[in-house]
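Please put together the full structure from these sequences, using the hints given.
Heads up: the protein sequence lines correspond to chains F and Y, in order.
Its first residue numbered 1, the first sequence is counted upward by one per residue in this note's numbering.
Its first residue numbered 1, the second sequence is counted upward by one per residue in this note's numbering.
Since the hints were derived computationally from the structure, they do not count as laboratory data.
Just some of the chain Y residues that point at chain F, by a computed CB distance under 10 Å: (1) Tyr4; (2) Val5; (3) Leu7; (4) Asn8; (5) Val96.
Each residue gets a CB set at the ideal place from its N, CA and C atoms; glycine is no exception.
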Amino acid sequence: MSNFVYITLDTTAPANPVVTIAGGALAVSNQLVQLAISVDDADKTGYQMLIWGDVDTTYDTKVQATEATSQWQAYSASPQVKLSAGDASKTINVRVRDAVNNPSNVAVDSVNLDATIPTITVTYSATTISEQSGKDTFSFTFQSSDAFTDYKVMLVTSTGATDTQGTQIPVTNGSTNVSGTGSFLSSTVTTVTLKAQDLRLAGANMNAQNIIKPFVKNQAGVWSA
Amino acid sequence: MASYVLLNIDTASPNIEIYAPSYTTVDILNEIVIQANEELSLDYQEIYVVDANGVRYDYSFAFDGDSYIGHVRFNNFPVGSIITLYARVMDKVGNVSNLVNKAIHIANSITLLTMTISDRQANVEISDKGRSVATNDRAMKIIVADSDRSENIGSN
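Listed below in structure tokens is the structure:
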């Protein structure tokens, strides 16, 4: 039996907390959004997080409007929260604490909730193509929640990118339906065909994951996010 | 539902290796594996042997995800000859690998395969350890020095 005790006095808070709403989107149309929460600490065993801000307080009892009324919960890198109703800028605050309750600084992010923004839904199966003949084509379909007058398909660098933050995919090598203008119903299913060589022209990363995002402009002139 | 697509554009050829014996006989059924570093296409394999006269013999191996496996008996090649096995495959999105090859010696009998034993003979390490006798040599010199000293003492 030992006659002593080893003890570590940990006074270091989790470093560099960051919260991102909806992949960094500037605007969302749905109250339900996904957060991305991170701190620099590699081992997050026993960590907890506290989330508060402009939320629907009935959706999650632990996530309330103020820090004092919210409750600590187990750390998650991608929790879902429901923003408070009403089109406006919404702010979410997050604090993370380690296993011995050292609290981090507060991380903050904001997003503009705008119910008028059309929502896009994409459907696709393949996730890898090449530049080899017969394997150089990728197709997906998208549908909008609203009728729309314009659409464009962009190569973007983040899932939260807006219609101005990306590169329009060209049609030089045979890509189709990468943009259009007209009168499209919300029931319209648009099939987009992309050629690897056109994605390369747009600046796609070879042998790495690329994000391709379609955008539509509704009849009020609002682009999807 | 997602509002975006995640897409990988794979332009890299698969890296492959041939796992086959360097020495065999006409009697042995050899397992040969063409192993890749990624999933392969079922649609393409180019596996063949070229004999000492430059004649090509094509083979068809069994597909196994990231490899092709074949069981081959080289009983149609002259004993004592060296054949070369070539392989080229393709990944799932059409990127073709380099053509890799491996030389295989066709021996006349299993006895010749005791060349493995001659590899063990290469354990010259054992005779290297014998050199530790050199240490003993040095020890002997010290003893000689002692005797010299005793002789000197004797002469004084």
